[in-house]
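Engineer: Residue numbers (full-length UniProt numbering), protein chains in the order written: chain W, 1 to 335; chain D, 1 to 309.
Hints are not guaranteed to be accurate.
To give a feel for the contact side, a few chain W residues facing chain D, derived at Cβ under 7 Å [claimed, not checked]:
1. Ile18
2. Ser20
3. Val110
4. Phe112
5. Ala141
6. Phe145
7. Phe146
8. Gly269
9. Gly273
10. Leu277
11. Ala292
12. Glu293
13. Leu309
14. Val315
15. Leu319
Calculated Cβ distances over 10 Å to all of chain D for the following chain W residues [what the hints assert, rightly or not]:
16. Phe24
17. Lys47
18. Thr263
19. Arg280
20. Asp322
Distance windows between CB atoms, simulated [as the list claims (entries may be wrong)]:
21. D:Gly135 with W:Thr44: 50 to 56 Å
22. W:Leu69 with D:Pro275: 29 to 35 Å
23. D:Asn222 with W:Glu296: 34 to 40 Å
24. D:Leu50 with W:Leu107: 22 to 28 Å
25. D:Ala194 with W:Gln11: 20 to 26 Å
26. W:Gln245 with D:Ile209: 41 to 47 Å
27. W:Gln11 with D:Phe93: 52 to 58 Å
28. D:Val125 with W:Gly111: 41 to 47 Å
29. W:His124 with D:Pro275: 53 to 59 Å
Simulated from the structure, these hints should not be mistaken for laboratory data.
The beta-carbon is built from N, C-alpha and C at its ideal position, and this holds for glycine as well.
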Amino acid sequence: MLRFVVRRLLQAIPTLFILSILVFAWLRALPGGPAGAMLGDKATPEKIADLNRTLGLDQPIFVQYFKFLGRVLTGDFGSSLVSNQAVLDEIGFALPATIELSLTALLLAVGFGIPLGYLAARYHGRLVDNSVVIGTLVGVAVPVFFLGYLLKLWFAGEGLGWFPPSGRQTTGIDATEVTGFATLDGLLTGEFDAFGDALWHLVLPGVALATIPAAVIVRITRASVLDVVNEDFVRTAESKGLGRQTVRRRHVLRNALLPVTTTIGLQTGLLLGGAVLTERVFNWRGIGYLLAEGIERRDYPRLQALILLGAVVYVLVNLLVDIAYGIIDPRVRAR
Amino acid sequence: MTTIMPKRRKDKVDELAKAAGTSLTAQAFKRMRRSPVAITGAVIVALFLLMAIFAPLLTPKDPYFRYPELFTIKTPNFIPGSMPGFLFGSDEFGRDFFSRVLVASQQTLLVGVLATLIGLSIGMVIGGLAGAFGGWVDTVLMRLVDVMLSVPSLLLAISIAALAAQPSQWTVIIAVSIVTVPIFARLLRGAMLAQRSSDHVLAATAVGIRRRTIVLRHMLPNSMGPVLVQATLTLATAILEAAALSFLGLGDPDTDRAEWGLMLANAQRYLEVRPELAFYPAIAIIIVALGFTLLGESMREALDPKNRR
């Protein structure tokens, strides 16, 4: 097992290495070059030349690359053009919000996706199945940001008014900040009204963000259950007289969930993309909001850091999924 | 010799003989004609294509002409709603929104088709080379593809679109197409690698046919099924991703251009005043994306050898 983990870790290194080269090249391809991009509107030829010298852009390209790598590895992404704060601080501040939202969405997607997918497979070809499948197809066809606005229009504010239309917390609520995770803080400090408030704010953006991953999970679960049901070992289990429930739980579902695990890992990419749109719609001050604002203001230092970190997180999550897969399924380790 | 065979049995034999002679594609096509899902998808796509082709003839008004007389109420934020002659009302510039929605089908189709075609071509070259040569070519190319896949798709599209000093329709199309490259590359490579050791390729090699001919005439055509399915599905996602980029402010700033994603993104500003401006393009996008998805999914199912009977 340890050897498998180490091997997978080592395999991620070349990917990350090439990625760093690409981001480095990306910086150089920006309009006005890295210095122009960093200075933004304030750029004058003198200032650019000045910054080029400080950044070491007059040095050979290899030296530049290794310096860039050194800065990135020490977490020095420069400061944001919008807020003048260090980009890393900005990200650290916004991260809990995005993690909270993404986890909510993931929980919703898995919580609804797996049972629905299983149900569809069990009633294969019948009304339940057809409606679930059509539901997933429509769910994928709706633009995420439009869905967010629809939810807001119907369930918040001027609509039914059940949920708050934006933000993470009601302004003026007396909440103590400990970890930055609004729900967790509420629990830790025993401020249950703040916890409830934070949870309430999570519902609509959580649902908006969960739709596409949920649809994907439903379809994978359904297909995978249908595959497994026809396997020999299921027939064996049935013919040796095991109860229906036992076969379903221990033989069908357990094996069918293997490919679902991988899919859940791959969803983190979708979640990251969806979070950008959802956070924009719901004024959710997380990573996606930073990114959307960074695009609008052409805040390249911020964009660079977010793109690189997004990719690193994605690679690491997939690595974890691979390892988890190795734990669940011994056959994977052998390869 | 006269064969005495019960008629029904004879029919069955005929059918089998016929099936043995038809290609997988022909059978898949036959299955699709019987599937309501495929028919629904095909009808939606056909209507969309017809709409795009004949849009200039269908529009009741000039979609680019601004009618200032529509702004009867002189409050800021007022946008005229539906009225005789203006079925969907007008947009914020006083242009006939119904005509714009119709005409926008052209640009939307263009974005979807071009993004898919560019992604498909580059992806096929990469995947084809990797699948045809194998060895170190395969390793290097696939490592590159892995890196592209290691960036979440919308993030990748954003970083490409952000490279342009001035966003335009083309930056959107290119950004969306690059995202699809690794998917096509992996698909084609996988399908071609699977064939390298298959009987017909082995036979062709044994007869002494040149490798280029084998790759181009034997391996490539037989690998196109999954690629075509993916291309159909990509038409849907490309339109959706283009809309997302427009929403993030990376779309074409030209206010004249009518494209559903762009219209939907712009309409967010007037959601409180006139939500219809968002609804019509959104519904159009959803229906079209659904059409391509239905068609693609039913193609996938029909081409799946597991369903061959």
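Engineer: Now look at each hint and say whether the structure bears it out.
Structural biologist: Results for each hint:
1. Ile18: holds (5 Å)
2. Ser20: violated (10 Å)
3. Val110: violated (19 Å)
4. Phe112: Violated - the Cβ of phenylalanine 112 (chain W) stays beyond 7 Å from chain D, reaching only about 20 Å at its closest.
5. Ala141: At 4 Å from the nearest chain D Cβ, alanine 141 (chain W) passes the 7 Å test, so the hint holds.
6. Phe145: holds (5 Å)
7. Phe146: holds (5 Å)
8. Gly269: Holds - the Cβ of glycine 269 (chain W) comes within 7 Å of chain D, reaching about 4 Å at its closest.
9. Gly273: holds (3 Å)
10. Leu277: With a minimum Cβ separation of about 6 Å from chain D (threshold 7 Å), the hint on leucine 277 (chain W) holds.
11. Ala292: holds (6 Å)
12. Glu293: violated (10 Å)
13. Leu309: Violated - the Cβ of leucine 309 (chain W) stays beyond 7 Å from chain D, reaching only about 10 Å at its closest.
14. Val315: Valine 315 (chain W) check passes; min Cβ-Cβ to chain D is 5 Å, inside 7 Å.
15. Leu319: violated (10 Å)
16. Phe24: Phenylalanine 24 (chain W) is indeed farther than 10 Å from all Cβ atoms of chain D, at 13 Å.
17. Lys47: holds (18 Å)
18. Thr263: holds (15 Å)
19. Arg280: violated (7 Å)
20. Asp322: holds (13 Å)
21. D:Gly135 with W:Thr44: 50 to 56 Å: Because 52 Å falls inside the window, the suggested range holds.
22. W:Leu69 with D:Pro275: 29 to 35 Å: Violated: the Cβ-Cβ distance is about 49 Å, outside 29 to 35 Å.
23. D:Asn222 with W:Glu296: 34 to 40 Å: Since asparagine 222 (chain D) and glutamate 296 (chain W) have Cβ atoms about 47 Å apart, the given range 34 to 40 Å is violated.
24. D:Leu50 with W:Leu107: 22 to 28 Å: violated (44 Å)
25. D:Ala194 with W:Gln11: 20 to 26 Å: holds (23 Å)
26. W:Gln245 with D:Ile209: 41 to 47 Å: violated (57 Å)
27. W:Gln11 with D:Phe93: 52 to 58 Å: Once the Cβ atoms are compared, 54 Å apart, the range 52 to 58 Å for phenylalanine 93 (chain D) and glutamine 11 (chain W) holds.
28. D:Val125 with W:Gly111: 41 to 47 Å: holds (42 Å)
29. W:His124 with D:Pro275: 53 to 59 Å: violated (39 Å)
Violated hints, in rising order: 2, 3, 4, 12, 13, 15, 19, 22, 23, 24, 26 and 29; the structure is consistent with all others.
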